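> Using the sequences provided together with the hints, build the complete structure.
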Amino acid sequence: MSADHAEHNGNGGAAASAATAAASPGGVAAGSDGLVRQPPKRTITLAHGSGGKAMQDLIRDVFVAGFDNPLLGALEDQARVELAELLQRGDRLAFTTDSYVVDPLFFPGGDIGKLAVSGTVNDLAVGGARPLFLSCGMIMEEGLPIDELQKVVESMRATAQQAGVAIVTGDTKVVHKGAADKLFINTAGIGVIPAGVDIRAERAQPGDVIIVNGFIGDHGAAIVDARGELALQHVIESDCQPLNGLVEAMLETGVDIHCMRDATRGGIATVLNEFASASNTCMRLREEALPLREEVRGMCEILGLDPLYLANEGKLVAVVAAQDADRLLNAMRAHPAGGDAAIIGEVSADPAGTVVLHTAFGGERIIDVLVGEQLPRIC
Amino acid sequence: MKFVDEFRDPQKAKLLIERIGALAEQVLKQRGGPIRLMEFCGGHTHTIFRYGIAGMLPEGIELVHGPGCPVCVLPMGRVDDCVALAERQEVIFTTFGDAMRVPGSRKSLLQAKADGADVRMVYSPMDALALARQNPDREVVFFALGFETTMPSTALTVMQARREGIGNFSLFCNHITTVPTIKAILDSPGMNIDAFLAPGHVSMVIGMEPFRFVAEDYGRPIVITGFEPLDILQSIWMLLKQMAEGRCEVENQYARVVPPKGNAAALKAIAEVYEIREFFEWRGLGSIDHSGVRMREGWAEHDAERKFPIPNLKIADPRSCQCGEVLKGAIKPWECKVFGTQCTPQTPLGALMVSSEGACAAYYNFGGIRQVQEKQQQAAAETGEGTA
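Going down the list, the protein sequences come from chains A and B.
Just so you know, this note's numbering puts the end of the first sequence at 379, numbered straight through with nothing missing.
Just so you know, this note's numbering puts the end of the second sequence at 1388, numbered straight through with nothing missing.
To be clear, the hints were calculated from the coordinates, so they are not data collected in a lab.
For clarity, every value in this text was computed on a predicted model and none was experimentally measured.
No false leads were slipped in.
Derived pair list, reagent style DSBU-like, types lysine-lysine, alpha-carbon separation capped at 35 Å:
{"id": "1", "chain 1": "B", "residue 1": "1029", "chain 2": "B", "residue 2": "1241"}
{"id": "2", "chain 1": "B", "residue 1": "1107", "chain 2": "A", "residue 2": "177"}
{"id": "3", "chain 1": "B", "residue 1": "1307", "chain 2": "A", "residue 2": "177"}
{"id": "4", "chain 1": "B", "residue 1": "1241", "chain 2": "B", "residue 2": "1012"}
{"id": "5", "chain 1": "B", "residue 1": "1113", "chain 2": "A", "residue 2": "151"}
{"id": "6", "chain 1": "B", "residue 1": "1113", "chain 2": "B", "residue 2": "1337"}
{"id": "7", "chain 1": "B", "residue 1": "1268", "chain 2": "B", "residue 2": "1002"}
{"id": "8", "chain 1": "B", "residue 1": "1314", "chain 2": "B", "residue 2": "1337"}
{"id": "9", "chain 1": "B", "residue 1": "1029", "chain 2": "B", "residue 2": "1014"}
{"id": "10", "chain 1": "A", "residue 1": "182", "chain 2": "B", "residue 2": "1113"}
{"id": "11", "chain 1": "B", "residue 1": "1002", "chain 2": "B", "residue 2": "1012"}
{"id": "12", "chain 1": "B", "residue 1": "1113", "chain 2": "A", "residue 2": "177"}
{"id": "13", "chain 1": "B", "residue 1": "1314", "chain 2": "B", "residue 2": "1113"}
{"id": "14", "chain 1": "B", "residue 1": "1014", "chain 2": "B", "residue 2": "1332"}
{"id": "15", "chain 1": "A", "residue 1": "53", "chain 2": "A", "residue 2": "151"}
{"id": "16", "chain 1": "B", "residue 1": "1107", "chain 2": "A", "residue 2": "182"}
Examples of chain A residues lying across from chain B (beta carbon under 7 Å, computed):
{"id": "17", "residue": "294"}
{"id": "18", "residue": "359"}
{"id": "19", "residue": "361"}
{"id": "20", "residue": "362"}
{"id": "21", "residue": "363"}
{"id": "22", "residue": "364"}
{"id": "23", "residue": "365"}
{"id": "24", "residue": "368"}
{"id": "25", "residue": "371"}
Pairwise CB distance ranges, derived in the manner of DEER restraints:
{"id": "26", "chain 1": "A", "residue 1": "178", "chain 2": "B", "residue 2": "1123", "range": "24 to 30 Å"}
{"id": "27", "chain 1": "B", "residue 1": "1124", "chain 2": "A", "residue 2": "181", "range": "22 to 28 Å"}
{"id": "28", "chain 1": "A", "residue 1": "101", "chain 2": "B", "residue 2": "1164", "range": "34 to 40 Å"}
{"id": "29", "chain 1": "A", "residue 1": "68", "chain 2": "B", "residue 2": "1124", "range": "44 to 50 Å"}
{"id": "30", "chain 1": "A", "residue 1": "76", "chain 2": "B", "residue 2": "1137", "range": "49 to 55 Å"}
{"id": "31", "chain 1": "B", "residue 1": "1137", "chain 2": "A", "residue 2": "80", "range": "52 to 58 Å"}
{"id": "32", "chain 1": "A", "residue 1": "103", "chain 2": "B", "residue 2": "1271", "range": "38 to 44 Å"}
{"id": "33", "chain 1": "B", "residue 1": "1090", "chain 2": "A", "residue 2": "80", "range": "53 to 59 Å"}
{"id": "34", "chain 1": "B", "residue 1": "1134", "chain 2": "A", "residue 2": "103", "range": "16 to 22 Å"}
Backbone N, C-alpha and C define an ideal beta-carbon position, used for all residues, glycine too.
Okay, here's the thing in C-alpha cells:
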C-alpha cells in the first residue's frame, strides 16, 4: 500500500490514493460523447477517485470522520505503530488480509462493512492473536450511492468499536460502471499473539474433541435467502460477528487449544478437512450433535445443499483435549458469541486425513473437500 | 422438521435392518451368490450415500447405482449445443444449477459464463419464463432436462408462454425417458441385476403400469421407492420379501406420493408438448431407441432446436472410460481403470463423475476414499516402475 501512495498521492492524504487505471484521463467524468457533465451529487463518480478535491472531500467526510482515530487522523501515507506497545501484549505479530465482494451489500444480520471488519478480526483471533489495527481498501463502482457507502462505513465503525480495533489506514479506488459490482472491500489486520499460545492445525490428536461455537450455515443460507429468489417464509439472519471477545474468554480459561479456525467459505467441512490432513488424523462428526437451525436445514432440504459446506461469518471450530472440553465450553457459553457452543465430534487416528460423519440415521459417510461451488440439484 | 424426521428415524431403521438381515440370510441360502439390487434413480443414489445406507446393509446385498441422473448421462455433444446456444448474442441461457458444471468437448456452461455468455442459474422453468417477460428484446432459452419428473413443469411453462404470447421463450429439450432405458439395461449382455428400486418421482407422473414388464417379461421384482432413507430400507425389505416368497411383482412403497395410474393432468401436458424421438444418445450407454423426447411441431416457435441452428455433433465418450459397465453393474466404480486417477470430480472423464448424483462421484465424495487412495498408490507405484 505504501508503494501505491508513493506513486499516486503526493498531497498527504493518508487514507486514500487516487484511482488510476480505470479512471478517466484528467480526472473528470466524461460521457461517451466526450462532453464533461456535472456528476449527480449523491453517487460515487470517477471524480471521487481522481485524487482531486472530490476525493479529498470524500476521504475527510466519509472515511476519516467515520473511522475517527488519531492514527488515521494524522493523514500520513502510512499508520505508525509504537513497537513497545505491541511487545507488551505478546511475542509474535499476526498479520492477515481478506477481500469482501458479497452481493447483496446489505443482508439480514449484517452488511459488507460488518463482514469486512469481522472477517479479518476473526482470522487474527482464531490464531490466538489479539486484533489491534485494520486497513481498509475500497474499490467502488461508479454510480454507488454515497448514502449506501456511508451506511457501510458506519457499520465498519460500529463493528470495529465492538471488536476493539482501529481502522488506521486505507485506500479508495473508483472504477467504471461494470468494472466492479457496487463495492469491494479489502481489509488487512495486525494483531499480537500472547506468549505461550500455540494454536496450529497439525496439533489435533486422537482423543481430542471438536467444538463449534453455535449454529452452522447461517451466513450462507442468509445470503441465498437475501437474493430473494426463493421467497421463503422465514428470514434467515447471517451470523456475521467478531469473535475476538469469545476467543479471549476461551484463552482466559488457560485451556491449551490445539487447533482453531473460523469456518467461513467452504463451511466447517473445509476447516475440519484442513485439520485432518495437517494433523494426519480423522475428524469424526456426529450428525445429531451439529447445531443447525430449522430454517437453514429447511433451505438445504429444498435446494439439496449440505450445511456442512455452507459459509459462516461468526463461527469457529476448536480442537482441545477431552478433559479440557467442559471448562472451555462453560466459558464459551457464558459469552454472547458462544451461547450455543457444542461438542460436535471427536478426533481418532484412522482413517488418517479424513472427515467422517456418523449420520443420525445410523450410517457413515466421508465428508470430503468441496469440489467447485455447491450448486442446487435438479430434482 | 415435520414430514422429514419421521422418515429418518434411526430406531425404525434399526428394526428394518434387522428384518432385512433375516430375509437376506434366507434368500442368500436359496441362491448362493450376492443379491444385486439396482436403484435406477440418481436421487436414490444420493440418499444412499448421504445417509451411509450401503454400509448398514448386511453382507451379500450389493447396491448397483443406475443411470438415473439426467445430468450425468448428458452426452458431450449436447453440452456443446448448450454452449453454442449460450454464446449467441441475443440469448439468455437458463439452466438448473448442477447442469452448469457438466463438461462439453470445448467447455462447460460454467466456463462459457466466465467467457462472457449470459448463462443464468434458475430454480424452476417458471423463473426462466419470468426472465423472458422482463427481457422482451432477448431470447430466453431454458435447458429442459430430466426424466418424466421434470417434463410436466417444462411442458406447462411453454403452455403458459403461449397463453401469454411470450414469443422470446423457448426450450432446448433434452428430456429422457425411463422405461426404454431400464429395458436397455435388462437387454444388455451379462446383465446380473436381481431386482430394481424404481424411481419414485417418475412414477408419480407415469404411474405403476409402465414398470410391469420388468416383473412379467424379465422376471425381476421391482418396487417404486421414495427418497427418504427409511423409504429405501423399506423397499429393499419389500424386494427381498418378494424374492424369499418367490413372487415377482411391481409394488408401490411410495404410495403417499405415487398414485397407481400416475398423474393424468401431467401426462396430458407431456403428450401435448412432447413426442418420442427415434433414439437419443446417452453418455456412457450410447444410443438407446425411444429414450428421449422432442417438442412437437406445433410448438416450433418455442423450440430452441427449430429456432436456432444447433451444431448437433456427436462426440464419442473417452475410450478409457468404463461408465457403461459401471452403469450396468458389471464393475464397481473403483474398479474402473481411470477412477480416482485420470477421472476425478475436478476433471471428470466419464458421465458418472460429473454430478454428485453420479455413482462414481458419489463414491469418490462420500465413501470411496480408501479405494481412491489405494488406486492412487497403485498408479504411483506403476509409474514408478515404468520410469525405473
